[in-house]
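Enquirer: Sequence:
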Amino acid sequence: MQYIWKTTAGAEVKADITVERFGGKTTYPDGSEAHFYRWARTISDMTVNGQPIENPTFTKVNGADAICVGRVEQTMAFVLIPDEIAEELFGEERRANQN
107 MQYIWKTTAG AEVKADITVE RFGGKTTYPD GSEAHFYRWA RTISDMTVNG QPIENPTFTK
167 VNGADAICVG RVEQTMAFVL IPDEIAEELF GEERRANQN
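Residue numbers for the sequence shown follow our numbering, so the first one is 107 and each next one is one higher.
Wrong hints could be hidden among the right ones.
Said to hold, decoys possible - Calculated lysine to aspartate or glutamate pairs in the EDC-like style (CA-CA distance at most 16 Å, straight line): (1) Lys112 to Asp189; (2) Lys112 to Asp122; (3) Lys120 to Glu160; (4) Lys112 to Asp171; (5) Lys120 to Asp151.
What the hints contain is simulated information worked out from the structure, not anything from laboratory work.
Work out the full structure: start from the sequences and follow the hints.
Expert: Next comes the structure, spelled out in structure tokens:
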């Protein structure tokens, strides 16, 4: 799905992000079962102000969801993900892990 947003500095971010959920079940010798799920997210294409970003990666910055977009001089550069988009990308997994 393509997400488009503006940063607080006014940069336009476009990112094509796919979220996949994988699941399974483990059956123990006593017959009890445990279900597990894993999520994988892929950024297939991303631009900031029309400039392509190579190898963007998800990360956290001071507890906020972000995407690392590379280096600017000697400093790592990040784009914060707006809360409503972060909820779409990570919400289901976070709710599942609260249990």
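Enquirer: Compare the structure with the hints numbered earlier in the document and write down the numbers of the violated ones, lowest to highest.
Expert: none
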